[in-house]
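Visitor: Sequence:
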Amino acid sequence: MGKNPELLKITPAEILKGQEVVAKLYSFKERFDPTFFRFFSQEIEKVRALKPELGGLMEVGAEFALHGGKRLRPAFIYYGYKATGGKDEEGVIYASMSIELLHAGILIHDDIIDNSELRRGRLTVHREFAERYQDEHLGCSLAIMVGDTLLALANRVLSTAPFSKERLQPARYYFDQMATEVSWGECLGILGNVSENVDIDWVMKVMEYKTARYTVEGPLKIGGALGGAPAEVLNSFSKYAVPLGIAFQIQDDVLGMFGDEKKVGKPVDSDLKEGKKTLLVLETLRRLKKEGRDDQVVKFGEILGNPNLTAEDYYWAQQLIRETGVLDYSQRRAWDYIKKAKLALAGVTIEEEARDYLLGIADFMLEREY
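At position 237 of the sequence shown the residue is numbered 234 (this note's numbering), and the sequence of numbers has no breaks.
A portion of the hints provided could be inaccurate.
Simulated restraints on C-beta separations [claimed, not checked]:
no., residue 1, residue 2, range
1, Y367, T177, 38 to 44 Å
2, D145, A343, 39 to 45 Å
3, E50, S24, 34 to 40 Å
Each computed SDA-like pair below joins lysine to any residue, with the alpha-carbon atoms no more than 25 Å apart [said to hold, decoys possible]:
no., residue 1, residue 2
4, K67, P49
5, K270, N303
6, K67, N112
7, K236, W181
8, K202, D360
9, K286, L317
10, K339, N190
11, K26, P304
12, K336, L317
13, K67, L356
14, K21, D353
15, K296, D198
16, K337, L231
17, K259, F25
18, K259, Q39
19, K26, R116
20, K21, G82
21, K21, K296
22, K26, L47
23, K26, G256
24, K259, G82
25, K337, D360
26, K296, D173
27, K259, K336
28, K202, Y130
29, K26, G118
30, K337, G182
31, K260, E271
32, K270, D111
33, K286, N190
Because the hints were derived from the structure by calculation, they are not lab data. Beta carbons: idealized from backbone N, C-alpha and C, even for Gly.
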């Protein structure tokens, strides 16, 4: 993948800060993962006591949730909590499991919707069950139920987190709001893949609801609520989160088309095969139509959503996105969103530890290769 021209403007000091924030994210992950592992160990034993077969199903769900994953969302809960001086490390790490359980459940369902074979370099849950039981429909059925179980556990975890009712109540509200919004965002994405009337505004709305509000805003506000953050801080979280989340999704789409398959953890032609109408795709088509390149518009349309896409056609589409300037345009647009997100934190009073993380993770969103 070509280097983002905007990243070339980052100073050595900013590069060092980027490395520091990645270290902070990994440090959080090292504290989070053992708690998450213990939680699943207990849940597996509970369901195994009901019936051994159920324990086997839960093990697959646990392996999926525990394997890979950057833990960005629970880290946003953590730093949203720390922003106003929250001190209960164990309590907030326990509460932050809720978003990772929700995320795992949503991904299991999302892979069924997209008919995906791989996730994080491994078989998707429905494919694993299909191979285990030699039955495609049974594989999907069991995966749906395991996903539903993880969603239910997410609600239970947040409800039983060791915080006062006064702080849990708004946190639950933000959690439920986030879960609703990501569901509608998913619906918009699904409809967009089969509609002829999808434009860039539609895609931006999908990015806002399916990614930004769910990946950044919701977790930050949940953490903020648990920490007793005032309205001013919660509002600044929203102004920071939405542009940051959109930048995150733009980079995701770039990696999904131009990334290293081993790092991304899925085939880089999968977005084209699934017919996903990303910013890259729609802006390329818009420019081709504007320039009267009708033959290429037709060919691109035939490639998009073709499950039998050849390597030759994939590389042709890749080159077209580059040649039209859309790759550079998308990366510049993502960088503009990053700058907007950072500015949102300029006038708000929060703890330096949280501020440094939130500013640093913004740069990481575009520097990442996975």
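Visitor: It remains to establish, for every hint, whether it holds in the given structure.
Guide: Against the structure, the hints:
1. At about 29 Å, the beta-carbon gap between Y367 and T177 misses the expected band of 38 to 44 Å.
2. Separation of D145 from A343 is about 42 Å and conforms to the stated range, judged on CB atoms against 39 to 45 Å.
3. Hint check: E50 to S24, Cβ distance near 38 Å, so the stated range 34 to 40 Å holds.
4. Proximity of K67 to P49 is assessed by CA-CA distance (about 31 Å); at most 25 Å being required, the pair is judged violated.
5. With a CA separation close to 5 Å, the supplied pair K270 and N303 stays within the 25 Å bound.
6. At roughly 23 Å between alpha-carbon atoms, K67 and N112 fall within 25 Å of each other, so this suggested pair holds.
7. Restraint check for K236 and W181: the C-alpha separation of about 21 Å stays at or below 25 Å, so the hint holds.
8. Using a Cα cut-off of 25 Å, the hinted pair K202 and D360 holds, with the two alpha carbons roughly 23 Å apart.
9. For the proposed pair K286 and L317, the alpha carbon gap of about 13 Å is at most 25 Å, so the pair holds.
10. Restraint check: the Cα-Cα separation between K339 and N190 comes to about 32 Å, which exceeds 25 Å; the hinted pair is violated.
11. A hinted pair counts as satisfied when its Cα atoms are at most 25 Å apart, and K26 with P304 does not qualify at roughly 36 Å.
12. Using a Cα cut-off of 25 Å, the hinted pair K336 and L317 is violated, with the two alpha carbons roughly 28 Å apart.
13. A C-alpha spacing of about 17 Å is found between K67 and L356, which places the hinted pair at or below 25 Å, so the restraint holds.
14. For a cut-off of 25 Å, the pair hint linking K21 to D353 stands: about 10 Å separates their Cα positions.
15. Straight-line distance between C-alpha atoms of K296 and D198 comes to about 24 Å, which keeps the hinted pair within the 25 Å bound.
16. With a CA separation close to 17 Å, the supplied pair K337 and L231 stays within the 25 Å bound.
17. With a CA separation close to 24 Å, the supplied pair K259 and F25 stays within the 25 Å bound.
18. For the hint linking K259 to Q39, the alpha-carbon distance of about 32 Å lies beyond 25 Å, and the restraint is violated.
19. At roughly 19 Å between alpha-carbon atoms, K26 and R116 fall within 25 Å of each other, so this suggested pair holds.
20. Using a Cα cut-off of 25 Å, the hinted pair K21 and G82 holds, with the two alpha carbons roughly 17 Å apart.
21. Straight-line distance between C-alpha atoms of K21 and K296 comes to about 45 Å, which puts the hinted pair past the 25 Å bound.
22. A distance of roughly 32 Å separates the Cα atoms of K26 and L47; the hinted pair therefore is violated under the 25 Å criterion.
23. Proposed proximity of K26 and G256 is supported: the alpha carbons are some 24 Å apart, at most 25 Å.
24. For the hint pairing K259 with G82, the CA-to-CA distance comes to about 39 Å; that exceeds 25 Å, so the pair is violated.
25. Our distance criterion of 25 Å between C-alpha atoms is met by K337 and D360, whose separation comes to about 12 Å.
26. For the given pair, K296 sits about 43 Å from D173 by alpha-carbon distance, which is inconsistent with the 25 Å threshold.
27. Proposed proximity of K259 and K336 is contradicted: the alpha carbons are some 30 Å apart, above 25 Å.
28. With a C-alpha separation of about 39 Å, the suggested pairing of K202 with Y130 is violated against the 25 Å cut-off.
29. Straight-line distance between C-alpha atoms of K26 and G118 comes to about 19 Å, which keeps the hinted pair within the 25 Å bound.
30. Note on K337 and G182: the hinted pairing holds, with a Cα-Cα distance of about 22 Å set against a maximum of 25 Å.
31. In summary, the hint linking K260 to E271 is supported, as the alpha carbons are separated by about 20 Å, within the 25 Å threshold.
32. A C-alpha spacing of about 10 Å is found between K270 and D111, which places the hinted pair at or below 25 Å, so the restraint holds.
33. A threshold of 25 Å between alpha carbons decides the hint, and for K286 with N190 the separation of about 19 Å falls inside it, so the pair holds.
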